[in-house]
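*Asks:* In order, the protein sequences belong to chains C, W, S and Z.
Be aware that the first sequence starts at 1, since it is given in this note's numbering, and climbs by one per residue.
Be aware that the second sequence starts at 1001, since it is given in this note's numbering, and climbs by one per residue.
Be aware that the third sequence starts at 2001, since it is given in this note's numbering, and climbs by one per residue.
Be aware that the fourth sequence starts at 3001, since it is given in this note's numbering, and climbs by one per residue.
Don't read these hints as lab results, they were simulated from the structure.
For glycine and all other residues, C-beta sits at the position ideal for the given N, C-alpha and C.
It is possible that some hints are incorrect.
[Said to hold, decoys possible] With the C-beta cut set under 8 angstroms, the calculated list includes, among others, these residues of chain Z facing chain S:
1. His3007
2. Leu3025
3. Gly3071
4. Gly3079
5. Ile3396
6. Phe3450
[Unchecked claim] Ranges between beta-carbon positions, derived for each pair:
7. Val1063(W) with Ser2073(S): 52 to 58 angstroms
8. Val2010(S) with Gly3071(Z): 52 to 58 angstroms
9. Arg3119(Z) with Lys115(C): 25 to 31 angstroms
10. His1067(W) with His3389(Z): 54 to 60 angstroms
11. Glu113(C) with Leu2106(S): 51 to 57 angstroms
12. Trp3393(Z) with Gly1051(W): 39 to 45 angstroms
13. Trp3393(Z) with Leu2106(S): 41 to 47 angstroms
14. Lys3170(Z) with Ser2073(S): 29 to 35 angstroms
15. Phe3430(Z) with Gly1007(W): 17 to 23 angstroms
16. Ser1077(W) with Ser3469(Z): 40 to 46 angstroms
17. Leu2068(S) with Glu113(C): 55 to 61 angstroms
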Amino acid sequence: MNIGNLPFIVAALLVVLGLYTFLFKRNLIKLVIGITLIETGVNLFLVTLGYRTGGISPIYTFAPEAQQMVLPTPQALTLTSIVIGLATTALLLSFAVFVHRHYGTLDVRKVKELKG
Amino acid sequence: MSGLSSGFGVWNPIAWALLFVGILVVSFIVRSFGNKGYKRGTGQTKVFLSGNDEPETSNGLHVRGDHLYWGMIDGLSAYYRRVKAWHTGILSDYAAWFVGVLGLVFVILVLAR
Amino acid sequence: MNNNSMSVIVRTVTRFMYGLIILFGFYVIMHGHLTPGGGFQGGAVVASAFALLLVAFGSAGLKGQLNLHWLQSIEEFGALAFLGLAFLGIGTAFFYNLFANSGGFLFGASVPTGSNAGVLTAGGLVPLMNWAVGLKVMTGIAAVVIVMLVGSHKEETE
Amino acid sequence: MTALTLHAPILLVALPLLGAFATPLVGKLGKGARNTLIGLIVLAVAGLAAMLAIDVFGSGGIPTVYELGGGTFTFPLSGGQVPVRILFEVDGMSAFMGLITALIALTGAFFSFSYWKERSGGNLYFSLFLMLIAGVFGMVLTGDMFNFFVFLEITSIAAASMVGFRVWLKQSQEAGFKVMAMYTLSGLFVLLAIGLLYGQYGHLNIAVLARSIQGSLTDMVALGLLLTGLAMKAGAVPMHMWAPDAYGEAPAPMSAVLVVNSQASLYGLFRILFTLFGASISTGTVGWILIVLALLTIFVGVTMALIQSDLKRLVAFGAVSQIGYMLLGVGVGMAVIATRPEYGLVAMQGGIFHMINDAACVGLLFFASGVVIRAAGTRDLNQMGGLGHRMKWTSIFFAIGAVALAGVPPFNGFASKFLIYEAAFKLNPFLAVLAVLSSIMLLAVFVKAFQAAFLGPRSNTSAHVSDPSLGMMLPMAALVLVVIVFGLFPGFFVDHIVTPAAKALWLGRDAYINAVLGG
Chain C
1 MNIGNLPFIV
11 AALLVVLGLY
21 TFLFKRNLIK
31 LVIGITLIET
41 GVNLFLVTLG
51 YRTGGISPIY
61 TFAPEAQQMV
71 LPTPQALTLT
81 SIVIGLATTA
91 LLLSFAVFVH
101 RHYGTLDVRK
111 VKELKG
Chain W
1001 MSGLSSGFGV
1011 WNPIAWALLF
1021 VGILVVSFIV
1031 RSFGNKGYKR
1041 GTGQTKVFLS
1051 GNDEPETSNG
1061 LHVRGDHLYW
1071 GMIDGLSAYY
1081 RRVKAWHTGI
1091 LSDYAAWFVG
1101 VLGLVFVILV
1111 LAR
Chain S
2001 MNNNSMSVIV
2011 RTVTRFMYGL
2021 IILFGFYVIM
2031 HGHLTPGGGF
2041 QGGAVVASAF
2051 ALLLVAFGSA
2061 GLKGQLNLHW
2071 LQSIEEFGAL
2081 AFLGLAFLGI
2091 GTAFFYNLFA
2101 NSGGFLFGAS
2111 VPTGSNAGVL
2121 TAGGLVPLMN
2131 WAVGLKVMTG
2141 IAAVVIVMLV
2151 GSHKEETE
Chain Z
3001 MTALTLHAPI
3011 LLVALPLLGA
3021 FATPLVGKLG
3031 KGARNTLIGL
3041 IVLAVAGLAA
3051 MLAIDVFGSG
3061 GIPTVYELGG
3071 GTFTFPLSGG
3081 QVPVRILFEV
3091 DGMSAFMGLI
3101 TALIALTGAF
3111 FSFSYWKERS
3121 GGNLYFSLFL
3131 MLIAGVFGMV
3141 LTGDMFNFFV
3151 FLEITSIAAA
3161 SMVGFRVWLK
3171 QSQEAGFKVM
3181 AMYTLSGLFV
3191 LLAIGLLYGQ
3201 YGHLNIAVLA
3211 RSIQGSLTDM
3221 VALGLLLTGL
3231 AMKAGAVPMH
3241 MWAPDAYGEA
3251 PAPMSAVLVV
3261 NSQASLYGLF
3271 RILFTLFGAS
3281 ISTGTVGWIL
3291 IVLALLTIFV
3301 GVTMALIQSD
3311 LKRLVAFGAV
3321 SQIGYMLLGV
3331 GVGMAVIATR
3341 PEYGLVAMQG
3351 GIFHMINDAA
3361 CVGLLFFASG
3371 VVIRAAGTRD
3381 LNQMGGLGHR
3391 MKWTSIFFAI
3401 GAVALAGVPP
3411 FNGFASKFLI
3421 YEAAFKLNPF
3431 LAVLAVLSSI
3441 MLLAVFVKAF
3451 QAAFLGPRSN
3461 TSAHVSDPSL
3471 GMMLPMAALV
3481 LVVIVFGLFP
3491 GFFVDHIVTP
3501 AAKALWLGRD
3511 AYINAVLGG
């Protein structure tokens, strides 16, 4: 098996683990952790897409001459995704704080006043 | 300009409105042929509830929201029991349905390819 | 000292470190157009210094040092500055880099091709936008951390 | 083409964003200054959206392309060039969605000025409002997949904050967490799909991707992720459960904007199916997936609305069911696109026309229900009654919105549903039967709401209420005007704004690609 494919497998594993956490854990904080796991998996996937074997980072400051660089676009995408992930995680955790204050619990199965 | 044609059906709101007004006029004409012996304040205007007396209420009776369509909801109770149990309000279930549909769509798309 | 703050070791190390962390953050923002990093990363580094202060000294220990209203105002200013810089080039197109290679004193130096030692005064609007983003991110994340900390403490006392 | 029209696509995004960041600062000067700023911005946005729409609809189906940071290239490109910068590409469908967004932004902002007058957190409210508007405009105008994802997340964050920013309300916090979690999940899967497409073709521009797409197995996986993720964000059953929570717990004017946000996700879904993938997928299968989702959405939405006793939740389930009609119309169009019978375009017209009708009617209903809930002091329909004695105009507006949404002639809801019924009947009579039946049940739903809230004898609770101030009445009246004018002259609007939008999706794939890459 090609060693270059390993990051893709790790990314898929992270996504699956995140989904598992999101679906089967009961604590709201753990749900948020599940979401960040999926996010990490997707980010890893994106950044791996741009990797070229033996490539250097795509910056010309003191760059060695005539060496191949990795693709910069996926790195920009990943960075944007990380920034967005920061905002969503902060928002989700803030909601979790206030849910705990109002409901007195972080159990996802007890936070269900809105139903039917 | 106002009409809408689907190629096999036609919908024209202006014509519809004219027809509506026309039927209204006709029904008023028909109504004017009716019995002129109608009197207010007599037994003719009393509410008829299968011969029973009108129930006394202090400031009028209001049929509340949940009382409407009681029969229909009761008739569909088997459906509503299921669909209410389905809307649990638990976030994990929301996500489970999403993942389930995702898997189903994958299978269908890959099979249809 | 109030009982929210941590041990004397943590406090001493924090006193020593936080200035350096902030300095490093500013470095990352300033060199965003030359080295890895930029406005967001540098801003996050600076904000981590604020977070370190909050953890070490507790929210009560920092009362009056970090004013939430000021932080939010600076954050809005950073965002507006970014959008304003993007609007500068609207004569050609939104986000048009007006100053690049203009030879002017505002980051107008021309960019050499290929490997080079890095020209700090090149990049046109990009370094300015990095500063705008850096301002927004450092104050924004600091505000989020403060709000979360204050929120969770209120809960314990109630 | 004037300079303003040229820059309209980016100004539609940048101006609300500018307003969103300036609102907290200007708000320190006072409410008057803040409201003036926001009023000017929404008026400018509405004007720009109208100008853009006139320009695009008048161009005979050639999309407008705007290059961010441009000045180097002229579009369409020639000789195998590919665009590297972010492009905004506006065709008929994008301009149509821009009109919907502008309509709700305008009425929603002016309604909110009065509605949020005595409430706290006004700066935050309007800041999030403008950010949500900016995100929706970005989603419908962009021509770049990753840019689409960024705007999708902007709308997600703004919408979820909007649902839960009143931290003192218990249930709004629950709704906020649920909505943000589900939006994030859908956004991440959309990003994964974009990564899959980028990994194969090395581009993010929709036009370039559309030209090179092959329909490989990886493409199908990406399509599944995009389809499910965007359908969830639009609120299609069985992934709709967040929608009534969100619409029900957000402030009333914001619920209307959330519905437009759902429609923007629907737009993204249509754009991906018709323009990005086009003929490289099995259109019959995907069309029928949409139709099945649509039928479930219509039926479950309506039946769940019938048993609600919370007024806003009732309207919210009604709004969910209407998403199904749009899916049904466009799904029928998709299912027959390969054979191209004459009713395919009719179905598309119906589904797309229903978007603007739904935005107007549901907006009106949410505004009116906000007024009703504030007057009655409760959201429980069982505790309301007799409000119509003192709130004559509000009850008339609510009734008009309700019958129009339920598809009673001669209002606008019937005009669009007529097209959907006819086309769906041609494909399979069962579809039309279920759609008509559900429309009738929706009428029953609103009869229940109207009877419970407005009819009945005067009571202690309804004795001191009155119609709201002119600031709230005028936006509602404007939406009523839209409902009636669209209802009385559907032919004009279908010919001039809906058909260009439908053709941009149905047969406009080549025009969309050629506007960027050249013939």
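*Asks:* Each hint: holds or not?
*Replies:* These are the hints, each one checked on the structure:
A cut of 8 angstroms between beta carbons decides the hint on His3007(Z): the least distance to chain S is about 6 angstroms, and the hint holds. Look at Leu3025(Z): its Cβ gets to within about 5 angstroms of chain S, closer than 8 angstroms, so that hint holds up. Here the hint on Gly3071(Z) is kept, as its CB sits about 4 angstroms from the closest CB of chain S, short of 8 angstroms. Using the Cβ-Cβ criterion of 8 angstroms, the hint placing Gly3079(Z) at the interface with chain S is not satisfied: the shortest such distance is roughly 22 angstroms.
Among the interface hints, the one on Ile3396(Z) is violated; its C-beta lies about 42 angstroms from the nearest C-beta in chain S, farther than the 8 angstroms criterion. Interface restraint check for Phe3450(Z): the shortest CB-CB distance to chain S comes to about 42 angstroms, outside 8 angstroms, so the restraint is violated. About 55 angstroms separates the C-beta atoms of Val1063(W) and Ser2073(S), a value consistent with the hinted range of 52 to 58 angstroms. At roughly 53 angstroms, the beta carbons of Val2010(S) and Gly3071(Z) sit within the given window of 52 to 58 angstroms.
For Arg3119(Z) and Lys115(C), the Cβ-Cβ distance of about 28 angstroms falls inside the hinted range of 25 to 31 angstroms, so the restraint holds. Distance hint check: the CB atoms of His1067(W) and His3389(Z) are about 20 angstroms apart, inconsistent with the given range 54 to 60 angstroms. At about 56 angstroms, the beta-carbon gap between Glu113(C) and Leu2106(S) stays in the expected band of 51 to 57 angstroms. For the pair Trp3393(Z) and Gly1051(W), the supplied restraint of 39 to 45 angstroms holds, since their beta-carbon distance comes to about 41 angstroms.
Evaluation of the 41 to 47 angstroms hint for Trp3393(Z) and Leu2106(S) yields a failure: the beta carbon distance comes to about 57 angstroms. Between Lys3170(Z) and Ser2073(S) the Cβ separation comes to about 31 angstroms, which falls inside the hinted range of 29 to 35 angstroms. For Phe3430(Z) and Gly1007(W), the Cβ-Cβ distance of about 21 angstroms falls inside the hinted range of 17 to 23 angstroms, so the restraint holds. Taking the beta carbon of each, Ser1077(W) and Ser3469(Z) are about 44 angstroms apart, inside 40 to 46 angstroms as hinted.
Leu2068(S) and Glu113(C) have their C-beta atoms about 31 angstroms apart, which leaves the hinted 55 to 61 angstroms range violated.
Against the hints set out earlier in the document, violations occur for numbers 4, 5, 6, 10, 13, 17.
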